[in-house]
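Protein sequences, first through last, are from chains A and B.
If you're matching positions, the first sequence starts at 1 in my numbering and goes up one per residue.
If you're matching positions, the second sequence starts at 1 in my numbering and goes up one per residue.
In case anyone wonders, no lab produced these hints; they're calculated from the structure.
Where hints are given, some of them may not hold.
[As the list claims (entries may be wrong)] Below 25 Å or equal to it, Euclidean Cα-Cα: the simulated DSS-like pairs (lysine-lysine) are:
{"#": "1", "chain 1": "B", "residue 1": "K227", "chain 2": "A", "residue 2": "K112"}
{"#": "2", "chain 1": "B", "residue 1": "K15", "chain 2": "A", "residue 2": "K15"}
{"#": "3", "chain 1": "A", "residue 1": "K15", "chain 2": "B", "residue 2": "K358"}
{"#": "4", "chain 1": "A", "residue 1": "K219", "chain 2": "B", "residue 2": "K219"}
{"#": "5", "chain 1": "B", "residue 1": "K358", "chain 2": "A", "residue 2": "K219"}
{"#": "6", "chain 1": "B", "residue 1": "K15", "chain 2": "A", "residue 2": "K112"}
{"#": "7", "chain 1": "A", "residue 1": "K227", "chain 2": "A", "residue 2": "K63"}
{"#": "8", "chain 1": "B", "residue 1": "K227", "chain 2": "B", "residue 2": "K112"}
{"#": "9", "chain 1": "B", "residue 1": "K219", "chain 2": "B", "residue 2": "K15"}
{"#": "10", "chain 1": "A", "residue 1": "K15", "chain 2": "A", "residue 2": "K227"}
{"#": "11", "chain 1": "B", "residue 1": "K219", "chain 2": "A", "residue 2": "K358"}
[Claimed, not checked] Short, incomplete list of chain B residues facing chain A, as computed with Cβ under 7 Å:
{"#": "12", "residue": "M101"}
{"#": "13", "residue": "Y226"}
{"#": "14", "residue": "K227"}
{"#": "15", "residue": "V252"}
{"#": "16", "residue": "A256"}
{"#": "17", "residue": "V287"}
{"#": "18", "residue": "N349"}
{"#": "19", "residue": "A363"}
Glycine included, C-beta positions come from ideal geometry on N, C-alpha and C.
Now for the letters of each chain:
There are 2 protein chains.
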Amino acid sequence: MSVRDDVLQIARQAKQAARFLAAAGAVRKNQALEAMAEAVQSQEAAILAANEQDVAAARRAGKNTAFLDRLALTPERIAAMGHGLRAVAQLPDPVGEVVRMGPRPNGLIIGKMRVPLGVIGIIYESRPDVTGDCAGLCLKSGNAVILRGGSEALRSNQAIFQALNAALARSGFPPGCIALVPTAEREAVGVLLSLNDYIDLIIPRGGEALIRTVTEESKIPVIKHYKGICHTYVDDAADLAMAEEIAFNAKVQRPATCNAMECLLVHAAVAEAFLPRAIARLRNAGVEIRGCARTQAIVPGVQAAGEQDYATEYLDLILSVRVVRDMDEACAHIERFGTRHSEAIVTENLARGMRFLKEVDAACVYVNASTRFTDGNQFGLGAEMGISTDKLHARGPMGLEELTTYKYIILGNGQVRA
Amino acid sequence: MSVRDDVLQIARQAKQAARFLAAAGAVRKNQALEAMAEAVQSQEAAILAANEQDVAAARRAGKNTAFLDRLALTPERIAAMGHGLRAVAQLPDPVGEVVRMGPRPNGLIIGKMRVPLGVIGIIYESRPDVTGDCAGLCLKSGNAVILRGGSEALRSNQAIFQALNAALARSGFPPGCIALVPTAEREAVGVLLSLNDYIDLIIPRGGEALIRTVTEESKIPVIKHYKGICHTYVDDAADLAMAEEIAFNAKVQRPATCNAMECLLVHAAVAEAFLPRAIARLRNAGVEIRGCARTQAIVPGVQAAGEQDYATEYLDLILSVRVVRDMDEACAHIERFGTRHSEAIVTENLARGMRFLKEVDAACVYVNASTRFTDGNQFGLGAEMGISTDKLHARGPMGLEELTTYKYIILGNGQVRA
């Protein structure tokens, strides 16, 4: 069979399975999630063996340490996948929830019922632990899922998929609820993105290049995540000790993540009091500082920050710092350079906190906390399918509810339109 | 200036205006809507004069009666536009609503705040009364709007736009809140669809060909409406008198609309009792019946319905009728031929009503009522920007809430991530 036929067959089966999943109740789905968690752990040896082959091949291909670290599975990571599946089983089932239900003057009762999207395609890079998370969230939200992981992780993903799929079959679920594209051929992605009659949503996870390619090529709606250039604005009414803790955490705790701070904005009135201590502490942690002229005047030895710095997602221990005249200038900077991901203000002034919440256009807007909290788990969603920097359908961390849509339900007793 | 420059300038100004609108409160927006309503009525003579020119040109170009009827404005239609704007002013403001707000174990308080989408582009055909409705809904939901009506209505739209825009200026709103593409050039649509840095959403309204072109060409997310092949299923537990009223209304009351019934499905056990009377009544109203073999056996003189009939949106006084073995067969027929728009069951059996609501995949699912109610006004949304047959972001009639997105707001007192 051709790659096209392979992918088409998977998509057809997924669409069939989606009808079953949409009608499956929470008890049944939770039992399946438990069985999936057990299967991943009982198949640990097979999964690790497959993963070893992937890692060896990637090492031979000259992949760097960071890549190999994302690719490698350990007994701990496999246990975490099992915990993740059990955690999803504990979450409330979003399917069937009815909201905004009420009577109309003619006696019709109208409301919105939450229902699964149908079939979700996920295109991700070589992190095999994502396989378990995505399969669990899609199953619980009643969606069939088609997984397309990075080609370097194909053996690992196949081993995980076999464990999950066997557990589903034992739980009485039809084939197709979880599908894995069985080839590393790039052509398969193109085929997947063309199947808008079978797939309802595509979620690409990975680098900017992957996401741009998917978005441009797809005939299916895409929810995506581009860059995270996140700011922390230290207002003149900030508690400066708190601001220092928050800025330090947002930059240093895990700098390679999309919710880490890339630029610190400081009100001119507190710059001299705040910057010397804060920058000394950041430098102690290995952070390179690039600052505006005001920052350079206050703290010796700071390299100049250019426009290019403000527009860069460093994902590294580098921070640009800019002293701003006032909150207007801070908001204008965020409007210009921010990527609508996560933005924070540190202030004890209520009006300014409220204004920041209202006016700053981003998926997540913080008052007095570190932007590092932008994460499905931290937000109480249990897990996440990714973080959306889009505005349509879902914004920010995407959990179970974001994988659903609604339908209007209308109850009558014979109403006709006049 | 080139068409591209023209459209780009409008889009830039709209993006600027969107920031103002996002922060404008309900009182201010409602005053503007009142002023817009007044302006449309005080400018009635100018609008009618411009419309007369459009109608004359369309008549010379040989457009048919239905086209001319949609294009023509009357004092009544202008008054209705004014009423529509005032009705939107009366609706609650969706912007700023906060939902699902609550504490996390670390003391962070997290919720979702409803915010405008930003800039919305609407591409529609030659119905100038749509201009007022869309402008009103976008303004109330805090969005800037770029209107691109059919080229045959350009003079009418310009006159309406001038009235609306002057009212906004008098109310202290900046230019760009409502924009009209000032040219009938087709090139302008292509430019509009390429401006994904300025426009957040495109809504095409019109025939299937227009919608397909827009969807294929757009780099901006599109919410759209394709066909409405709506079914009414008369269950064996139906109140047959009620079923007759509902079927008659769904077919006859306004057959050219997308929510009119195109196919009647009847349980075999009640077909003989139900069909002769129901079909006689429909025929009396001028409806042509095309039926399956069972229907033909029960009612003399019925033309045979083929697969092609079941797949056709007649938008006319034609109805296909099929006798089904049971509810499973009815649901399978809807799954195969339905367009996920509006589907109805008539039954007195609670379990079957519940099953239909749960299992039928459509934007609007009815028990014991006519599908003709699928409409923003009828659903209590005040007005509608259109009806979505998509699954993402909005489904069914789109009102104010559907023109918004959300952002997460996170209130802390110094939380950092461990």
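Hint-by-hint comparison with the structure:
1. Using a Cα cut-off of 25 Å, the hinted pair K227/B and K112/A holds, with the two alpha carbons roughly 22 Å apart.
2. Annotation: proposed proximity of K15/B to K15/A is violated, straight-line Cα distance about 39 Å (limit 25 Å).
3. A distance of roughly 17 Å separates the Cα atoms of K15/A and K358/B; the hinted pair therefore holds under the 25 Å criterion.
4. About 11 Å separates the Cα atoms of K219/A and K219/B, which keeps this hinted pair within 25 Å; it holds.
5. Simply put, K358/B and K219/A have alpha-carbon atoms about 28 Å apart, too far for the 25 Å limit, and the pair is violated.
6. For a cut-off of 25 Å, the pair hint linking K15/B to K112/A is broken: about 32 Å separates their Cα positions.
7. Simply put, K227/A and K63/A have alpha-carbon atoms about 23 Å apart, close enough for the 25 Å limit, and the pair holds.
8. Using a Cα cut-off of 25 Å, the hinted pair K227/B and K112/B is violated, with the two alpha carbons roughly 34 Å apart.
9. Using a Cα cut-off of 25 Å, the hinted pair K219/B and K15/B holds, with the two alpha carbons roughly 17 Å apart.
10. Between K15/A and K227/A the alpha-carbon distance is near 32 Å, which puts this suggested pair outside the 25 Å criterion.
11. Between the alpha carbons of K219/B and K358/A the distance comes to roughly 28 Å, so the proposed pair goes past 25 Å and is violated.
12. Among the interface hints, the one on M101/B is violated; its C-beta lies about 11 Å from the nearest C-beta in chain A, farther than the 7 Å criterion.
13. At a threshold of 7 Å, the smallest CB-CB gap from Y226/B to chain A is about 12 Å, leaving the interface hint violated.
14. Interface hint status for K227/B: violated, as the beta-carbon distance to the closest one in chain A is roughly 14 Å, over 7 Å.
15. A distance limit of 7 Å between C-beta atoms decides the matter here; for V252/B the minimum to chain A is near 10 Å, and the interface restraint is violated.
16. Annotation: A256/B was flagged as interfacial toward chain A, and the flag is violated, the nearest CB pair being 14 Å apart, outside 7 Å.
17. A cut of 7 Å between beta carbons decides the hint on V287/B: the least distance to chain A is about 16 Å, and the hint is violated.
18. Annotation: interface hint on N349/B violated; nearest CB of chain A at approximately 14 Å, more than 7 Å.
19. With 7 Å as the threshold, the beta carbon of A363/B comes within range of chain A, its nearest partner Cβ sitting at about 6 Å, so the hint holds.
Comparing the model with each earlier hint shows violations of hints 2, 5, 6, 8, 10, 11, 12, 13, 14, 15, 16, 17 and 18; every other hint is respected.
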